[in-house]
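Keeping their order, the protein sequence lines are chains A and B.
In terms of our numbering, the first sequence opens at residue 99 and continues consecutively.
In terms of our numbering, the second sequence opens at residue 5 and continues consecutively.
Watch out, some of these pointers could steer you wrong.
[To be verified] Estimated spans, in silico, between C-beta atoms of each pair: (1) G32(B) to P223(A): 29 to 39 angstroms; (2) Y294(B) to L393(A): 48 to 58 angstroms; (3) V41(B) to L186(A): 33 to 43 angstroms; (4) F264(B) to L220(A): 45 to 55 angstroms; (5) A141(A) to R270(B): 26 to 36 angstroms; (6) A303(A) to S89(B): 33 to 43 angstroms; (7) F87(B) to V280(A): 39 to 49 angstroms; (8) S93(B) to L298(A): 54 to 64 angstroms; (9) N360(A) to A20(B): 55 to 65 angstroms; (10) F264(B) to L298(A): 53 to 63 angstroms.
[To be verified] Some but not every residue of chain A turned toward chain B, in silico, with C-beta under 8 angstroms: (11) A141; (12) L145; (13) G307.
To be clear, the hints were calculated from the coordinates, so they are not data collected in a lab.
Glycine is no exception: its CB is placed at the ideal position from the N, C-alpha and C atoms.
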Amino acid sequence: MKIFFAFFLVILAAFGGYHLSFRRVAGRSRLAWIHLTGLEFLALGLLLGPRFLNVLDESTARSLEPLTALALGWIGLLLGFQFEIFQLRKFPPAFFLAMLVESTLTVLVSFCFFYFFLPVFLPLPGSLQVLLPLVLAATAACTSQSGLALMFQGRAGSTAAAVRLVRYMASLDGLVPMAVLVFIFFARTREISVTPLHILFLLAAALAGIFIIYMFFLAQRRDADELALVIIGMTVVTSGTAAIAGFSPLLANFCMGVCLVNLTMEKEKIFHLLASIEKPVYLVLLIFLGASWHLPDFWIAVPALAYFIVRFAAKIAGGMSAVHLLPALRRGFPGLLGLGLVEQGGLAVAILFDFQQRFSGPEISYVVGFALAAIVFAQLAGPYCAVLLFKRSE
Amino acid sequence: MMKSGLYAGENYPAYAMILVFLVLLALGMKGVDPGSVRQEAGWINFALGGTLLAAFVISKLAGLIGLPNLTGYIAAGILAGPFVSGFLSPDTVDRLKLIDELALSVIALAAGAELELSAMKKRAGAILLNIVLITAVVFAGVSVFIIVFGSLFTATAGFSSNQLAAFAILAGVICVARSPSSTIAVINECRAKGPFTDTILSVTMVTDILIIIMFTAALSAARVLLADTGAVSWGEFGLLGCEIAASLFAGVLLGKATSFYIKHIRRDFLIFLVFLAFGITRASMGFNEYMESRAGVSLHLEPLLICMSAGFFIRNATDEGGFFMENLHRISMPVYVLFFSLAGAALNFNSLMLCWPLALAVVLVRAAGLFAGSWTAAWINRDPASHRRSAWMTYLTQAGVAIGLSQLAMRELPDIGTHLNTLVLAVIAVNQIIGPVLFKLALHIVDETGRNHHQPV
């Protein structure tokens, strides 16, 4: 019974929240930007979780696996749809390089910091000494572009080019974290029944098969309802396949998204369908993560703050390096570009969720716990930093 | 990719290839030992998604030989289910109950919304006559058959005369039950509209309410027969009346709320609809539990009735009926595919194996009763000959309500209830396979297909 109530509450909250948080943004005060981040849903998840109401306990969350698999897959597919080569070519190559420089530098800085400092206050066994800093680095590189899109919609004038670059970087800098995630999922397989080589073979064959099925389905033009059925079914199948192979549903669907957007005729229709429920899906993930949020004591704020500061510094350094290293960006683009990339957003949440689903243990709960707290800081600081950046540029 | 005009716009070779690849993929995945909880959960997701896609493809292929989509969905479920390939295990089917509930609520909303008061008023006499005659003939036919010939069948040979009478009464009532979900699905698929369609739809929906009252009466009678006390609990009927009234009222309130949403927000109505459908089911279950555990009153809100009443209210008492119907049609496909493929996977062929002679006999007697009842009603109403001959075919399908009632009987009267449940599951297995095919055929015979294009208001 609890499972049904939990499901209903989660869905209702996500849907209602989507309307409150994302639909009515015009004329809001700066403080109200908090709503844009959907952070209240993280709090709602925490409330519903085992620490308080215990509506969304561990076993209930496990029973709702198809929903979370669909949600993770949906985000992965949507991210994959950002990588349409034809569209990317419309932007200067320097934009792509800037994104790569900034994102890679953020990953490197964050990884080095946590590789050396994480074991100081958290004893980590074996492979976790590398994996946990890698996850933190991957999430650190992610940037949300929804806040930016809503704040600077249709912005013209002197900052238009900078806004364009920041939004471009924010939408594509998930590429590097995805590459890091591939390594994470292949690096540790001792909890599952397949070896890394087996995973690789199984996944390659399965994803090729799934892609062929997609192509057969999309070989003829479909009505909206048929297309929705096909995309939902295929996303769940892809997520399931990845989970059976011990791989990431997020990544598997991301790969499918990249292939689909570049190789199918129905890409516009599919993208429209995916984007139409992106926000509720994101809020559902926030609630589930909130429910499993491990906050042992107040002191978790310390590593969270450290993570936030390191990421902030890495983003600033990354932005600065991109502007200074690439000649095409030296004029007309602010040096403190990284200020526009502070908001962390949905992909970071999805990566943490994916990671927590695949790996478990007290160290992982602790790290995911403070990473989530750091995301909260980033979501709160992000809009102010972005406004600061563009005020300085004007 | 090949696309032939022969196939009227559908790429059938592609569908066949999809099926081949899905099977290969499933075989490949089945080879992986699910060593962790995560992998097990992955398998459930894979099975759910795979069955959904296979059902869609099989329904398209079934269309090639003129079968309804519904048969394709059910066939996919049977093929994927525990009795054929085992791709969906009984445990997996059970874990996917959540989706089942959601789909059923959406279908019930659609069922209510399909009922047009003005059309019902026009055909009130015919509807009433059909309900009375079909109910009486089917109930009497099945009950008398079991009482007279029950001792000849292994499943009921060991019953005392009182047990056999109780069994016959309950089986007779359950045989009156139909499947509103299947009715709606076939009507939607065929885009059927006309007096024949309106009549069968109204008869099916009203019978769905009537059957709950009849079953309560039958259960009381069966208790009297088995316990030999001679006491009938009239309080139960009073409570049942309250339940039905409360469910209908709750439906009206929800209909009003939905109409308010459409009028003032309108955006993302599809998502709202899905959440509403699920919320009704869950909230009524929560209410029932609360009333039983906290208030000590066994007052049960019936989610199906609430949804039907909400749909009916929106369609007939508000200006938002057209928008509501249009959106229901937009989500009907994923909902039907999920619901009926899972229903197919849940069909109990073990029961059919155990008592197939009695089950087949009951199926035949029920069909004969449906024919006699509907033919007589149509004859009295002076309906066209084609209506008279084919109406019975549309009443064959049975599903959720019948299963629910037999399970209730099993809990209340375990001595005969277990046998009854086995028989009902077997009868449903047969009816759900042949029912949709004959339903579609009947709609073609009366020439009411392809006219129901809902226009937004």
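Hints, one by one, checked against the model:
For G32(B) and P223(A), the Cβ-Cβ distance of about 34 angstroms falls inside the hinted range of 29 to 39 angstroms, so the restraint holds. Y294(B) and L393(A) have their C-beta atoms about 32 angstroms apart, which leaves the hinted 48 to 58 angstroms range violated. The hinted window of 33 to 43 angstroms between V41(B) and L186(A) holds, with their beta carbons roughly 39 angstroms apart. With their beta carbons about 52 angstroms apart, F264(B) and L220(A) fall inside the hinted range of 45 to 55 angstroms.
Take A141(A) and R270(B): their Cβ atoms lie about 29 angstroms apart, and the range 26 to 36 angstroms holds. At about 20 angstroms, the CB distance of A303(A) to S89(B) disagrees with the hint of 33 to 43 angstroms. Judged by the Cβ atoms, the range 39 to 49 angstroms given for F87(B) and V280(A) holds: they are separated by roughly 40 angstroms. Separation of S93(B) from L298(A) is about 28 angstroms and departs from the stated range, judged on CB atoms against 54 to 64 angstroms.
At roughly 27 angstroms, the beta carbons of N360(A) and A20(B) sit outside the given window of 55 to 65 angstroms. Judged by the Cβ atoms, the range 53 to 63 angstroms given for F264(B) and L298(A) holds: they are separated by roughly 54 angstroms. Here the hint on A141(A) is broken, as its CB sits about 21 angstroms from the closest CB of chain B, past 8 angstroms. Hint status for L145(A) relative to chain B: violated, with the closest Cβ pair at about 18 angstroms, above 8 angstroms.
For G307(A), the interface hint holds, since its Cβ comes within 8 angstroms of a Cβ in chain B; the closest pair sits about 5 angstroms apart.
In this structure, the earlier hints numbered 2, 6, 8, 9, 11 and 12 are contradicted, and the remaining ones agree with it.
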